[in-house]
Amino acid sequence: MRLQQQLSVGFLAMALGLCALGATWAHRVGAIQTQFNRFANWTTPLLVALGQLKAGSLDMVVTAGQPAAPDRLRLLEAAYQEWMALFAGVARDAGQHKLLQVVEEYDAAFRQRWKEFAAAQESGAAGDPSEALAALGAAQRRLQRVVDKAISVQVDRLKAERTAMTRSVAAARRVSLAASAGAVLLAVALGMFIAGAIARPVIRLADDAGIVGRGDLSHRTAVRAGGEIGALAESFNRMTERLEQTTVSKDKLMKAYDELQRAQQQLIQSEKLAALGRFSAGVAHEVKNPLAIILSGVDCLRDQVGSNADAAASLDIIDRSVQRADTIVRDLLKFARPSELQAEPADPAGLVDGTVELLTHSGSLKGVELAKDYRHGAARVRVDKNQLQQVLLNLMMNAIEAMPDGGSLRLATSAAEEGGRTVCRITVADTGTGIAPEHLPRLFEPFHTTKRDKKGTGLGLSISKTIVESHGGTLTIASEAGKGTSMTVTVPVHHGGAAA
Amino acid sequence: MKQRILVIDDETDFTFFVKKNLEATGQYEVLVCNDGAKGIQEARQQQPAAILLDLMMPGMPGDEVVNELKRHKETERIPVVFLTALVRPDEAAQSSNMIGGHRFIAKPVKISELTAILRAATGAAAS
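Taken in order, these protein sequences are the chains called A and U.
Take the first sequence: its position 447, counted from the start at 1, is 446 in numbering that gives the first Met the number 0, and no numbers get skipped.
Take the second sequence: its position 83, counted from the start at 1, is 82 in numbering that gives the first Met the number 0, and no numbers get skipped.
These are calculated hints, taken from the structure and not from any lab test.
Hints are supplied without guarantee of correctness; some may be wrong.
Said to hold, decoys possible - Using 16 Å as the maximum straight-line C-alpha spacing, the simulated EDC-like pairs for lysine to aspartate or glutamate come out as follows: (1) U/K109 - A/D302; (2) U/K18 - A/D325; (3) U/K109 - A/D315; (4) A/K384 - A/D346; (5) U/K1 - U/D34; (6) U/K19 - A/D346; (7) A/K384 - A/E339; (8) U/K109 - A/D325; (9) A/K384 - A/D404.
Produce the entire structure from the sequences given, and follow the hints as far as they go.
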């Protein structure tokens, strides 16, 4: 049922209830009034007639005892008869037949005595008028007693009727008050019921809207109702569903956009590296030829300088410079054309130890305190040992160079879950000078170097990163200026075959 | 008796020093060509004991020169040593210093390395 209809029906029911109560009360009061009016309609003339009968009869007896004109007696008799007729009529109308019968009986006796008195008075000698008058007085007293008794009875009845009416009116008032209170209570209860029936689902909808507003877009309202509230609940659920779909689509779109951007960045980086590779190969070719000429020239001059020590020393310097330039060009070529991987299973600890051995032999670890912390357990990696050791050597050399006054070189391994796969991490950490924050983003850029003495070509970390990535891994660096640097190689764990 | 060596390389300064250095050893007579096509003609006519051949040259590159030499009977058996600026030491080690069945050496090269590889090439050809 529609909300408007619910409200209309509810208020109509309240109005009908109140009308019914009012009509009941009006009917009850009307009935009491009718009853009282009917009683009063005949009781009053009855009492008046009875009183006149009593007074008239007494008047007749009193007048009869005195010398009076016959006309006056006839007038009194006529008045008495009229009142008796009036009484008889009222009593008959009121259904007071028994009373009428009793009064008529004593009336008849009284009138008989009146006739006898009148006859005695007219005849004079034929009878004693005083006896007839005494008999008339006795008959009047009997009649007066009956009338008094009837008046008393009627007055008592009148009192009783009045008391009953008062009670009835009081009862009607109580009923009216109770009905009014009941009507008010009914109206309040009906109002609360209707308000509750409307407000409950609205409050629940408001709570549901709050939950959705706080971000739970999967939430749906459980409000089920007919009419406008039901339509509102259905609209709410449809709206939330669309909002969720839109948000999910937006999230997917944003994710796809991020991935696209990442891919684009990688592509740009790859393109840049490829271009740099082609450029490096060209440079290498163009540089190596003049280097070859210089070195050949040095060889040629050696024969000619003979025992001239100064000239020989100068040629040595040129020779070393050519070798240095050649090293740079070789690194460029390594960067431009990485070697093909010769991957095989390997123990990470073996790779680290092998690299440490190389450094020990070359005396590079002098003044450096080594701390090994191998926690990779039985995890093995599948790598090109030479290339990965080249990476580790590069990282360790960088670490050692960052500690010119000595320090601690920590070499740690561990296995971990990362991005849904098991990886092995090899960390090379030093307590050296650290890297300034402004250099960190450019560390892997080719030719970027922080070595002021121009010892490096600026290609070491670029080559290392390329090698690690060709193994499906990552190379990351964390550093704090003045505290040290931590470089971590992360490569996938190898799940098959034995370690070499 | 001196061995005749033909050097084919477009880098004239390089060939100038290589000629001087090899001849200074007293073991070699060095002929120089700075162009691939001319080098093939020189090889046919002079029949050198070995050819030092640059891989990257304008006009006819080193690999085409070798193919041409192999197509003619009079030059097919002359040992060739490639000179290249684009081979890394580890690549050289992996391929046992051979490209297409020929020895090669990476620039820059010392005279001692050059004489060693020429001895190997001519020795193998003689055996």
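- Task: If any of the earlier hints don't hold here, list their numbers in rising order.
- Result: The structure breaks hints 2, 5, 6 and 9; every other hint is satisfied.
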